[in-house]
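One line per chain: the protein sequences are A and B, in this order. For what it's worth, the working numbering labels the leading residue of the first sequence as 1, then goes sequentially. For what it's worth, the working numbering labels the leading residue of the second sequence as 1, then goes sequentially.
Any given hint could turn out to be false.
[Said to hold, decoys possible] Below 30 angstroms or equal to it, Euclidean Cα-Cα: the simulated BS3-like pairs (lysine-lysine) are:
#1 A:141 x B:379
#2 B:411 x A:140
#3 B:264 x B:416
#4 A:90 x B:411
#5 A:140 x B:379
#6 A:90 x B:416
[What the hints assert, rightly or not] Here's a subset of chain B near chain A, in silico, CB distances under 8 angstroms, partners left out:
#7 52
#8 55
#9 137
#10 140
#11 226
#12 228
#13 236
#14 338
#15 340
#16 345
#17 349
#18 370
#19 372
#20 385
Worth flagging that the hints you see were computed from the coordinates, not collected in a lab. A virtual CB, placed ideally from N, CA and C, is assigned to each residue, including glycine.
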Amino acid sequence: MKAVIALLLMMAATADITPTLAAPTSSDAASAGVTAVADSFSNPATEARARNLQRQLRCLVCQGESIDESGSPFAADVRHLVREQIVDGKSDQQIENFLAARYGDFILMKPPLQPNTWLLWLAPFLVLVAGGSVGWFTVKKASRRST
Amino acid sequence: MTGELGQLALCFALALSLVMAASGLLGTRPASLAARRIASGSAMGLLVFVALAFGVLTYAFVTSDFSIIDVANNSHTLKPLIYKISGVWANHEGSMLLWVLVLSIYAALVAGLQRGGERLTSGALGVQGLLAAAFLLFIIFTSNPFLRLDPAPFEGAGLNPLLQDPGLAMHPPMLYAGYVGLSASFAYAAAALLVGEDGWTRAARPFMLVAWIALTCGIALGSWWAYYELGWGGFWFWDPVENASLMPWLIATALLHSALATEKSGAFRTWTLLLAIAGFSMSLIGTFLVRSGVLSSVHAFASDPTRGFFIMVLIALAIGGALALFAWRAPTLQGGAAFEIQSRESMLLLNNVFLVAACACVFVGTLYPLVLDAINGTKISVGPPYFALTFAPIFFALLLLVPLGPQLNWKRGDLKAAWRSLYPALGLAGIAALTVLALVSPRSVSATGAFAVAGWLIGASILDIRKRKGARASAFAAALAHAGLGISLMGVAGTTLWRSEALSVLAPGQTMTVGPYTLRFDGVTREKGPNYIADRGHIALMDGDKVSTTLLPEHRFYPAEGQDMNDTAIRTTGWRDLYLALGDDRGGGRFTLRAYVSPLAPLIWLGGLVMALGGFLSLWGRLRVKEAEPKPAAPAAALAAE
Numbered sequence: 001m002k003a004v005i006a007l008l009l010m011m012a013a014t015a016d017i018t019p020t021l022a023a024p025t026s027s028d029a030a031s032a033g034v035t036a037v038a039d040s041f042s043n044p045a046t047e048a049r050a051r052n053l054q055r056q057l058r059c060l061v062c063q064g065e066s067i068d069e070s071g072s073p074f075a076a077d078v079r080h081l082v083r084e085q086i087v088d089g090k091s092d093q094q095i096e097n098f099l100a101a102r103y104g105d106f107i108l109m110k111p112p113l114q115p116n117t118w119l120l121w122l123a124p125f126l127v128l129v130a131g132g133s134v135g136w137f138t139v140k141k142a143s144r145r146s147t
Numbered sequence: 001m002t003g004e005l006g007q008l009a010l011c012f013a014l015a016l017s018l019v020m021a022a023s024g025l026l027g028t029r030p031a032s033l034a035a036r037r038i039a040s041g042s043a044m045g046l047l048v049f050v051a052l053a054f055g056v057l058t059y060a061f062v063t064s065d066f067s068i069i070d071v072a073n074n075s076h077t078l079k080p081l082i083y084k085i086s087g088v089w090a091n092h093e094g095s096m097l098l099w100v101l102v103l104s105i106y107a108a109l110v111a112g113l114q115r116g117g118e119r120l121t122s123g124a125l126g127v128q129g130l131l132a133a134a135f136l137l138f139i140i141f142t143s144n145p146f147l148r149l150d151p152a153p154f155e156g157a158g159l160n161p162l163l164q165d166p167g168l169a170m171h172p173p174m175l176y177a178g179y180v181g182l183s184a185s186f187a188y189a190a191a192a193l194l195v196g197e198d199g200w201t202r203a204a205r206p207f208m209l210v211a212w213i214a215l216t217c218g219i220a221l222g223s224w225w226a227y228y229e230l231g232w233g234g235f236w237f238w239d240p241v242e243n244a245s246l247m248p249w250l251i252a253t254a255l256l257h258s259a260l261a262t263e264k265s266g267a268f269r270t271w272t273l274l275l276a277i278a279g280f281s282m283s284l285i286g287t288f289l290v291r292s293g294v295l296s297s298v299h300a301f302a303s304d305p306t307r308g309f310f311i312m313v314l315i316a317l318a319i320g321g322a323l324a325l326f327a328w329r330a331p332t333l334q335g336g337a338a339f340e341i342q343s344r345e346s347m348l349l350l351n352n353v354f355l356v357a358a359c360a361c362v363f364v365g366t367l368y369p370l371v372l373d374a375i376n377g378t379k380i381s382v383g384p385p386y387f388a389l390t391f392a393p394i395f396f397a398l399l400l401l402v403p404l405g406p407q408l409n410w411k412r413g414d415l416k417a418a419w420r421s422l423y424p425a426l427g428l429a430g431i432a433a434l435t436v437l438a439l440v441s442p443r444s445v446s447a448t449g450a451f452a453v454a455g456w457l458i459g460a461s462i463l464d465i466r467k468r469k470g471a472r473a474s475a476f477a478a479a480l481a482h483a484g485l486g487i488s489l490m491g492v493a494g495t496t497l498w499r500s501e502a503l504s505v506l507a508p509g510q511t512m513t514v515g516p517y518t519l520r521f522d523g524v525t526r527e528k529g530p531n532y533i534a535d536r537g538h539i540a541l542m543d544g545d546k547v548s549t550t551l552l553p554e555h556r557f558y559p560a561e562g563q564d565m566n567d568t569a570i571r572t573t574g575w576r577d578l579y580l581a582l583g584d585d586r587g588g589g590r591f592t593l594r595a596y597v598s599p600l601a602p603l604i605w606l607g608g609l610v611m612a613l614g615g616f617l618s619l620w621g622r623l624r625v626k627e628a629e630p631k632p633a634a635p636a637a638a639l640a641a642e
């Protein structure tokens, strides 16, 4: 039982790995960005939030990179949009919804949970449960033979 | 002339592979001694001719023979020799030839070593012959590296500068040694199904180990390359090409563990066969993903589908054929080992459940967007956040269980006693967690958890090594491999959770700080490389007022290819990397400078190396005791060795 609780705790713990990726050390770091993101937030918490959001978005013109990393003009525009929306007091979810409505779900690094992605999100855990059940029956059978 | 020699060698190789396939499969009949001899002989011949073809292509690249299309498209006279050679496999045609070369090396080893029974070896050679024939057909008809170009150009188009790097020169051969190494296990498994012979796991074990070691090194090498070459300080991007190499590794890891149980106690016979088939299937799917062009866009794939369809048919035949054979023959294998719920076997089974689920994550995450796009044009991206929510918890749970396995006996173990014997490891986990909590702010659950698990893994490995004091070196293989996991985990956690970064536009003489470091920008010089022009930044790492060292990140431009790229400067203390990338020229001598401090980053690759070393120890032990233990039922000494 202890192991189960520990396992659940760990699952919860690992879930936040990406969002906490590399918080910027100083708020002037982003202000000198490769592209013209002049509007960096002086409040470190808000800046961290913006950077975090930018990492959750895919640059549509350079494929592999996130909006945060990409040096493309498109990424600069989206960074600007994100920051505008933050100033307008929108929540992270609202900002992501806004961008997904404008550019399609492709822009979200984390695919939304909706009918056409249910299988995507559930498949690994279905395999885990199915494998676990088959495994359990195998072990039960082997232990019956053993006694 | 040389091109035609290569072409001819390929044709001979194709003929020999067909002979090898037919005679190898015929040789599975008890009386067909002659067929078995022919199969072995043609395996050697296959290697000779494929090596000849590969040598010819290498010669064409080294001598810049631009009358061959492949060379003209991918090479350049000014390229340094090492990149002329690595250019052979840095393109589609050449890399497929490398694939077949590796396949024929493994076939020659199977024929030369003659591990397992005669009929089993013959069947394995037959299957390898079929695979070689399929890939040779693919090369000759859709990806021929020896096609001519008339008139020949004076200069070649060059090679993507990203690939002109020592790390990436070695990466593909290493990865292919792993990918294709799984074909040997696949061939043995298929042969075991045909012949109905047990003990194939024992014959195939060295091949599984070699494949696993090569995959481990290949993935580590690729990730290291991405780290220092791409200029973002990241080490893993969940890019489909990376995922394509991770999937076979996960299955190969599961296979190593499951095959051990099959060999030692006869458990999971059919499952191990299925894993051997699945492992190579993942290699094939990986090849398809990388080679068909389906990744860049489903539509790009559809516009020139010849290669993609050929590989798809090949995959369908290989996987479908093997699964059909499995469905037909597996029920005839006598199964049903006896072991208790608390036993090494149960733990290995659990290991397999988690590894397969982890592989399912990567598989679904990689292929789902492609399938969705192909079905109705819906575009979604599956990026790092998806894997952080699915792969990470599953793999983390697996890591928690790792230390328990080696503490349990085969057949009948005692979980309570195992748990009790691990108390010191638990103590080390606690110390690691408390240290992180005490020393690092802000406090984070992820970091604390990751270091606790790393302490748990490393502590358990130390206990395991102490317990086996005085045993043969190979007895420490598992302990080392498991400790490697812990070491890598610390590196991954340190880099992702504690990285600091800074980005500034600096004029000469200005300074910036990143983490504990102060950097002074001393301007940029223009340097000329063999085939590039570089802006070399001179960045002084300050120690008070003194300059302690100068780092030289470069921004290179390759005129032949018309591309530019970063050459990062990394200064490592072993515990912490200072990572510099020179950005754009902002005019007036001012440049953008990106700096990262990645704590513990080197541990990621050190852990990979330690894992591979564990594999080597096991392999070494295997090859040494080969003659000593002819019986399939291994004596107690070999049990302890694992």
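- Contradicted hints - numbers only: 1, 4, 5, 6, 7, 8, 9, 10, 11, 12, 13 and 18
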